[in-house]
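What follows is the residue order along each chain.
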Amino acid sequence: GAVVSQHPSRVICKSGTSVKIECRSLDFQATTMFWYRQFPKQSLMLMATSNEGSKATYEQGVEKDKFLINHASLTLSTLTVTSAHPEDSSFYICSARDIGLLNSPLHFGNGTRLTVT
Amino acid sequence: SQQGEEDPQALSIQEGENATMNCSYKTSINNLQWYRQNSGRGLVHLILIRSNEREKHSGRLRVTLDTSKKSSSLLITASRAADTASYFCATDNAGNMLTFGGGTRLMVKP
Numbered sequence: 001g002a003v004v005s006q007h008p009s010r011v012i013c014k015s016g017t018s019v020k021i022e023c024r025s026l027d028f029q030a031t032t033m034f035w036y037r038q039f040p041k042q043s044l045m046l047m048a049t050s051n052e053g054s055k056a057t058y059e060q061g062v063e064k065d066k067f068l069i070n071h072a073s074l075t076l077s078t079l080t081v082t083s084a085h086p087e088d089s090s091f092y093i094c095s096a097r098d099i100g101l102l103n104s105p106l107h108f109g110n111g112t113r114l115t116v117t
Numbered sequence: 001s002q003q004g005e006e007d008p009q010a011l012s013i014q015e016g017e018n019a020t021m022n023c024s025y026k027t028s029i030n031n032l033q034w035y036r037q038n039s040g041r042g043l044v045h046l047i048l049i050r051s052n053e054r055e056k057h058s059g060r061l062r063v064t065l066d067t068s069k070k071s072s073s074l075l076i077t078a079s080r081a082a083d084t085a086s087y088f089c090a091t092d093n094a095g096n097m098l099t100f101g102g103g104t105r106l107m108v109k110p
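In order, the protein sequence lines correspond to chains A and B. The numbering of the first sequence is our numbering, which starts it at 1 and goes up by one. The numbering of the second sequence is our numbering, which starts it at 1 and goes up by one.
Treat the hints with care, since some could be wrong.
The following label-pair restraints were derived from C-beta to C-beta distances [what the hints assert, rightly or not]:
| no. | chain 1 | residue 1 | chain 2 | residue 2 | range |
| --- | --- | --- | --- | --- | --- |
| 1 | B | R80 | A | H7 | 26 to 34 Å |
| 2 | A | T117 | B | H57 | 42 to 50 Å |
| 3 | A | V3 | B | M107 | 27 to 35 Å |
Rather than coming from a laboratory, the hints here were simulated on the basis of the structure. No residue lacks a Cβ here, since even glycine has one placed at the ideal position from N, Cα and C.
Please build the complete structure, drawing on both the sequences and the hints.
And the structure:
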């Protein structure tokens, strides 16, 4: 089946530094990828929709200057958490859908656990 | 924003019993999907049911959809300890973006 690779799986960084998370679709192309954030024991909250070759669409309340998204190719989207603070500590998950399949499910990466100290 | 509401929020059963989780949503949909998430991992797609379908089966999973009530249920029969996970429903109403429910945390005791 389709696979989405997300890297790194865990990262610990100091407050004020930036962290980049990569999301790759391994065996399909995705013009759109989605970035979610999940707090413990809660559901996934959509942060932004990453569009290949154009600007990302951010959900209300998500700071676009803090969470930089780049979708440079049909198989790669990156999320950079800039000037990270402890409140940015969370589980970040990306997902993608095969552009060739209508009504198809999303394929998820395994998530990135970010801890900001 | 979350569209789906799931109940129960948590469910604890014995191995071999059936587990039923419910999901309600607010707007019209193209399809509804159920996902499973093991602790600290990504989501795994379980089953997709289209708006014109009423019931779908996949192995020990049975999903129903009632568009008039804007609700869906996921039944796991003959549960196993390995079924312990969080289960989320997600609605697809724009053909692209999914909106997730709050999830049900299922614990299956051996």
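Per the hint of 27 to 35 Å, is the separation of the Cβ atoms of V3 of chain A and M107 of chain B within bounds? holds, 28 Å
If you check the beta carbons of R80 of chain B and H7 of chain A, does the distance land in 26 to 34 Å? Holds, since R80 of chain B and H7 of chain A (Cβ atoms, about 31 Å apart) stay within the stated range.
Can you let me know if the beta-carbon spacing of T117 of chain A and H57 of chain B is within 42 to 50 Å? This hint holds: roughly 47 Å between Cβ atoms.
Every hint, counting from the list given before, is met by this structure.
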